[in-house]
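Take a look at the letters that make up each chain.
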Amino acid sequence: MQASTHAIPHPHVHEEHHEEAGFWSKYVFSTDHKVIGIQYGFTALCFLFFGFCLMLVMRWQIAHPGQPVPLVGPLLETLLGNMAAKGIVSNDLYNSFGAMHGTIMVFLAIVPLAFGAFGNYLVPLQIGAPDMAFPRVNMASYQFYVLGGVIMFFSFFIPGGAAQAGWTSYPPLAVAIPTDGQTFWLAGMVLLITSSLLGAVNFIATVIQLRAPGMTWMRLPFFVWAQFVTGFLLLLAFPPLEAAGVLQLMDKVAHTSFFLPTGLAVGGNLANVSGGGNPLLWQHLFWFLAHPEVYVLILPAMGIVSEIIANNTRKPLWGYKSLVYAVLTLGFLSFIVWAHHMYLTGMGTKIATFFQTTTMIISIPSVIILSCLFISLWGGSIRFNTPMLFVMAFLPMFGIGGLTGLPLGFSYSDIHLHDTYYVIAHFHYIVAPGTIFALFAGIYFWFPKATGRMMSEFWGQVHFWASLIFMNLIFQPMFAQGMAGMLRRMADGGANYSTAKVPDAIGGLSPHMMGLHTYILWAAVGLAFAQIPFIFNFFWSIHHGKPAGSDNPWNSTTLEWQTPTPPPHGNFATVPHVYRGPYEYSVPGHATDFTPQNQPD
Amino acid sequence: MDIPYTVEARPDTGLYNAKVGIWLFLASEVMLFGALFSTYILLRVGAPEGFWPHGWLNIPVGTVNTLVLITSSITTVMAWASLKMNQFGRFKFFHACTLCLALTFVGIKSYEYHDKFMHYEITLKDGRIADGHLVKRTADQVVISGHYVEDRKELFDLRAGGPPHEHTEITIPQAQIKKMENYGPWHTTYLAIYFTLTGLHALHVIGGAIVIGFLWGPGSKLWKTDPDRFTNRIEISGLFWHFVDLVWIFLFPVLYLL
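First to last, the protein sequences are chains A and B.
Residues in the first sequence are numbered from 1 upward in steps of one, following my numbering.
Residues in the second sequence are numbered from 1 upward in steps of one, following my numbering.
Please keep in mind that the hints were generated in silico from the structure rather than gathered at the bench.
Beta carbons: idealized from backbone N, C-alpha and C, even for Gly.
Warning: the hint list may mix true and false statements.
[As the list claims (entries may be wrong)] Part of the chain B face toward chain A, derived, beta carbon under 7 Å:
no.	residue
1	TYR5
2	MET31
3	THR196
[Stated by the list, open to error] In silico DSS-like cross-links for lysine-lysine, where the CA-CA straight-line distance does not exceed 30 Å:
no.	chain 1	residue 1	chain 2	residue 2
4	B	LYS179	A	LYS252
5	B	LYS109	A	LYS252
6	B	LYS221	A	LYS26
7	A	LYS26	B	LYS92
8	B	LYS178	A	LYS252
From just these sequences and the hints, can you work out the full model?
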């Protein structure tokens, strides 16, 4: 009983209209949203892996400061020269890796994967459109992304290495560091922002203009809503960072003083600058982007989670309208919470109070979304396949990440926790076992649509359980370390502040807290091994996985499953008509437990 | 299946795709320039009393440039209206005017930039400051046309009605110079934001002129095969052009008059 058999004519009739394109125009310079989605996905997964490797080296340095890195030490010395002399991670290299780990994970891995890959592949399919509204702009968006990525990657190998001032690039430090890494970082960011901007325009225009007949706003799958709001966040929050990037580039290259105050001293000498600038200005412009950016990281994940929950509980999402209004509210509020990252900058307690209030308010729509998703599980006959397992883990993991954010949102408790490992644990719980788990779930879930084959269920479950255990072993101890006062961004992992070094220091880090570094290192290595089954499963299943058997192996209702597999150029043979909402599962009296959106009454 | 609403409007939104796209793009541009204007405000309110420059830019020149851009906006509308009335020749004429006006604007702006780069502030070892335009520079001396001031603060308010100063040719031996710096973006935060804002705006003018130039020249072949689509393109590029004008309408008072 396949929905596609009566709703969509057979695909091969359609394919004959298209001439077979050559390799370059088919896979490299393609304007097809599905190919671009896969390009984004593949590139972003490579950067995800690369960012993870940087972190492994850093964890070694934190646990064993000043000792040569095993296995890759000689390689680092060959590639990076003095920065890694004798295979030891120098402080400068540690700073580089730290800054680039953050930059790569946020701007080159998670956002391109969540928005560029999943959004590109699925949004046009889910709204019944033949492609994005502007296919060539879409291609340009991917090309800007690659160019930005290449510049970021290349910056590791220039003299002095990559940017060292953290992913937040606070001036005056970022400008004062004499190497060129920061200039490359800024140039790369301007390209990445341009890429996001083109993508955002395209997504929003596509959702507004190309919804199939009958696909009203309240019939959109929640995934589309999440991507739609994400598009607006990227569209309106990124330009201020582009402006800030241009200003810092001017400071760095044209020796202006936008962010350099009067009387700035570098290395004990008065800097040769006109002064009069304002370092806080950068932080305002940066966080005006970077707070909405947090929601750019999480909203697409929530979209993926909702689709998989509805499908695997075989019942409609609980509170679809609440979800939609909550995500819209979230998108709006995310623009007025940015300065809760800046309580300790001296911007003043009145401003801190304002941002503390808005920060508490924004937790309301977040809790509404999570509650709706939890309640959706109630009373469902849940299928525990790999995507569902990842999604089920996402919910509590995101819950931990979200709830531990509250003490950071209050200005008084933030004084103690600011810039400690507690912060690292908090946002990694949201992004790593949160967003990345949702992205894994999405890969397992939509893999049969893109390839026509299933990924191995057994190895998927191995991947899941191992990842879940090691993720928690990595990040749980950091809460304790942070509350004990261990600061982040220290190349020696805090050894200088330990009671081993200064026995009678008040608040010195105990041997127990320092010892946790070793456990975290091994948990991180374990997490690396846990990804091996995924990597093999992914590549092996493309050609050798179990055939999906139909166009709709999960018996789903949304439109992407009502196309041929993989969807041809142009997606649908005829314009699909939408007759119902996105989650009509287990409708009483219906012959099957799912009713596709394009099935007439 | 082809992409719908590329030329004709979608009934429920009343817009064709590109029009939605350009408005979204312009929204992001508002945020881009908005951030830079915010920067201007923050730098200005943070400047010490008496050290925010006034009257450093030539208001008549700026006024002429404002009029040039406003006129180009009018010719842009006329070009689009001509196509709507099916008058291709008139379209060619009006957009040729737009292009000439765009070039005029960039030309005048370059003249203003050049003026700033030739303007030097020279701190002497005896504490005096010489300020003026460079006349000649050799290995052992610098000649400028300007004047001496005792206090640097005197250089910051040059509005009409202030104390007059006479420009004379001043010769300064290199040996007496402590610091010599022209009025580039590195000179003060005012010039930094001036060059950044007007530079970014000029890039927008040049970008817009390239698009309009393409549509005026080789791109206009589309008129013969798909006139509706071509008219839409002129409308979209026109919307962008109006936005660029609008940015200047804000830039002119903020940088020249206030």
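Results for each hint:
1. TYR5: Because about 5 Å separates B/TYR5 from the closest Cβ in chain A, which is inside the 7 Å limit, the hint holds.
2. MET31: holds, 4 Å
3. THR196: Holds: closest Cβ of chain A sits about 6 Å from B/THR196, inside 7 Å.
4. B/LYS179 <-> A/LYS252: holds, 21 Å
5. B/LYS109 <-> A/LYS252: This hinted pair holds, its Cα atoms lying about 24 Å apart.
6. B/LYS221 <-> A/LYS26: The hint holds at about 28 Å.
7. A/LYS26 <-> B/LYS92: violated, 38 Å
8. B/LYS178 <-> A/LYS252: OK: B/LYS178 and A/LYS252 at ~24 Å, within 30 Å.
Hint 7 from the earlier list is the only one contradicted by this structure; the remaining hints agree with it.
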